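S.K.: The listed protein sequences derive, respectively, from chains A and B.
Mapped onto the numbering used here, the consecutive letters of the first sequence carry residue numbers 1 to 290.
Mapped onto the numbering used here, the consecutive letters of the second sequence carry residue numbers 1001 to 1290.
Worth flagging that the hints you see were computed from the coordinates, not collected in a lab.
Computed from a predicted model, the values in this text were never measured in an experiment.
Where is the CB? At the ideal position from N, CA and C, for every residue including glycine.
Where hints are given, some of them may not hold.
Chain A is nowhere near these chain B residues, computed Cβ spacing over 12 Å in every case [unchecked claim]: (1) ASN1061; (2) ARG1095; (3) ALA1109; (4) ARG1126; (5) ARG1209; (6) ASP1219; (7) ASP1227; (8) GLN1229; (9) LEU1252; (10) LYS1265; (11) LEU1273; (12) ASP1274.
Label pairs and their computed distance ranges (CB to CB) [claimed, not checked]: (13) GLN1163/B - PRO24/A: 23 to 31 Å; (14) PRO1276/B - GLY130/A: 34 to 42 Å; (15) THR230/A - GLU1019/B: 46 to 54 Å; (16) GLY251/A - VAL1030/B: 26 to 34 Å; (17) ARG97/A - GLU1019/B: 43 to 51 Å; (18) ARG1287/B - ALA129/A: 36 to 44 Å; (19) ALA27/A - ARG1164/B: 17 to 25 Å; (20) LEU252/A - ASP1133/B: 47 to 55 Å; (21) SER1202/B - SER131/A: 52 to 60 Å.
Protein chains: 2
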Amino acid sequence: MEFKEKLSTYVAEIEQAFETLLPPESARPVRIHQAMRYSLFAEGKRIRPALVLAACERFDNPRNALPAAVAVECLHTYTLIHDDLPAVDDSPLRRGRPTCHIQFDEATAILAGDALLTYAFQLLSRHYAGSSDKGIELIQVLSEASSSEHLIGGQMEDILGEQRVLEQDELNFIHINKTSALIEASLEMGAIIGGATPEQTSSIISYGRCIGLGFQIVDDILDATSDTQTLGKSVGADEASNKSTYVALHGLEKSRQYATELATKAYQICDGLDMPFLKDLAIYLNRRTN
Amino acid sequence: MEFKEKLSTYVAEIEQAFETLLPPESARPVRIHQAMRYSLFAEGKRIRPALVLAACERFDNPRNALPAAVAVECLHTYTLIHDDLPAVDDSPLRRGRPTCHIQFDEATAILAGDALLTYAFQLLSRHYAGSSDKGIELIQVLSEASSSEHLIGGQMEDILGEQRVLEQDELNFIHINKTSALIEASLEMGAIIGGATPEQTSSIISYGRCIGLGFQIVDDILDATSDTQTLGKSVGADEASNKSTYVALHGLEKSRQYATELATKAYQICDGLDMPFLKDLAIYLNRRTN
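Next up, chain A with everything else stripped away, as it sits in the complex:
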């Protein structure tokens, strides 16, 4: 199957699983479930859940990884809802639609984010209870990656670093934790479900670090060069807030060069793993326009 067709298949399966695995909109209280679904169903690239499925497929049927894939997207979506809040990034637009606090209200958005975060762990503990050793490991990996020392820590330093010029190592801390940690965790979770060896899992995580860092650099490039319609969210916000980005620190050309180096390294790791989908994905993510 061609790469793009494969990606579409994954995305279709993931979005179908949202429907069956999330509480129905009719569940009491309706408003919280509407808000959770509003943000989760908004059109997204679904890269993280696709990584869960792809990392599993090399070793096992990716269907077994669907609840974990949905859990990861719930987790990712909660971070978007809370990052967009007026007290944080104050973003009106996300995934081409009004952000959760604009569509509903701030209190509902705070609770919907909390609920999606909680639901990630509900899903994992329910669906992998039958093989509880794996289940616990999945919960360890996801909770660690999204903790105060990783994902949330990256977001905290990102906020603290606004309005001043960051050193390269500060920017690295933010990118590795805010963006790459969850991407690496997605791959690791797929590998755990599939039953990869420790060596294979370790290579898959290294691949994740390359595409994770690359992903954030491309985000910075797009914020500096794209337009709101193509991107589905507000652009130019980084420059307007004097935010330190790869582009601000190193310029566009060097940023593009570094992103391509990372994609190439990721590509090479896949050769050793015999994972053609992930290989193509590294290139695809490097060339993306939104």
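With chain A held as given, fit chain B onto it using these hints.
M.R.: Frame of chain A, contents of chain B only:
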């Protein structure tokens, strides 16, 4: 050991466990860990974590339940931080100190809440990995109780119900989910760690429902009758916002009577369970002044 001495022993062990089980304040980024600790260490009654230890002790060494007790208090503290935010209850004072968003700022408070919620699942998945069947069950119980259909759902309906008079069943939904669900879960988690039989666990949960509902009714009574200094948080807020409470719906006398009925029922359940600490606790909670 006398009841109050026993409770103090539990509280001391729990607060010592915060110190050893939470990430140090020096962990990067310092600010998020300061905020997490600021809210967690603020003087609290520690009822929920004490319930975890007490429900375990009847069957096993309560020390084994300490990580779960800390996880429950992290979960509870996150709900306080997010409930106090300007967009939700807009409370300046909690546990006798400025609320997290006043002491730090709103963005930090949102993230600190997220981080404590996440940390609850980190703790459970790390510390009960050795008996992963129990670990998964603990995570199921805690994530279900704190989900959009229970704890968060109760908070959502509480917000939606402001400024109008609620029916008795709406108020029950709020109390059962916003307050009682986590109290019941704390007891169930202790029972699981201790290895209680399904019948014992079921009785312990029924006890939890009685003290959980009673707890919220006493909260309503205190909000209507106490003062800020005694309570350590703002009082009279319910009446000022025309909030529906047991007191508003049924008056003080009937509310006190119902709370006492619930405490008596809880007391009786404990006879069958041979759990004297929980028995005394039901009376203590009914008579509390803060």
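S.K.: Verify this label for me: ALA1109/B is non-interface relative to chain A, using a Cβ-Cβ cutoff of 12 Å.
M.R.: 8 Å, violated
S.K.: Do the beta carbons of ARG97/A and GLU1019/B sit within 43 to 51 Å of each other?
M.R.: 44 Å, holds
S.K.: Taking 26 to 34 Å as the stated bounds, is the beta-carbon spacing between GLY251/A and VAL1030/B within them?
M.R.: The hinted range 26 to 34 Å holds for GLY251/A and VAL1030/B, with Cβ atoms some 31 Å apart.
S.K.: Taking the closest pair, is the beta carbon of ARG1126/B still more than 12 Å from chain A?
M.R.: 6 Å, violated
S.K.: Beyond 12 Å from every Cβ of chain A: is that where the Cβ of ARG1209/B lies?
M.R.: Since the minimum Cβ distance to chain A is about 18 Å, ARG1209/B lies beyond 12 Å and the statement holds.
S.K.: Verify this label for me: LYS1265/B is non-interface relative to chain A, using a Cβ-Cβ cutoff of 12 Å.
M.R.: Holds, since 26 Å exceeds 12 Å.
S.K.: Quick check on a hinted range of 23 to 31 Å for GLN1163/B and PRO24/A, using CB atoms only.
M.R.: Taking Cβ atoms as reference, GLN1163/B and PRO24/A lie about 28 Å apart, which means the hint holds.
S.K.: Please check whether ARG1287/B and ALA129/A have a Cβ separation lying inside 36 to 44 Å.
M.R.: 40 Å, holds
S.K.: ASP1219/B clear of chain A by more than 12 Å, beta carbon to beta carbon?
M.R.: 20 Å, holds
S.K.: Would the least Cβ to Cβ distance between LEU1273/B and chain A come out above 12 Å?
M.R.: 27 Å, holds
S.K.: Does the beta carbon distance between SER1202/B and SER131/A stay inside 52 to 60 Å, or does it fall outside?
M.R.: The hinted range 52 to 60 Å is violated for SER1202/B and SER131/A, with Cβ atoms some 27 Å apart.
S.K.: Quick one: work out the minimum CB distance from GLN1229/B to chain A and report holds if it exceeds 12 Å, violated otherwise.
M.R.: 28 Å, holds
Hint violations for this structure: numbers 3, 4 and 21, all remaining hints satisfied.
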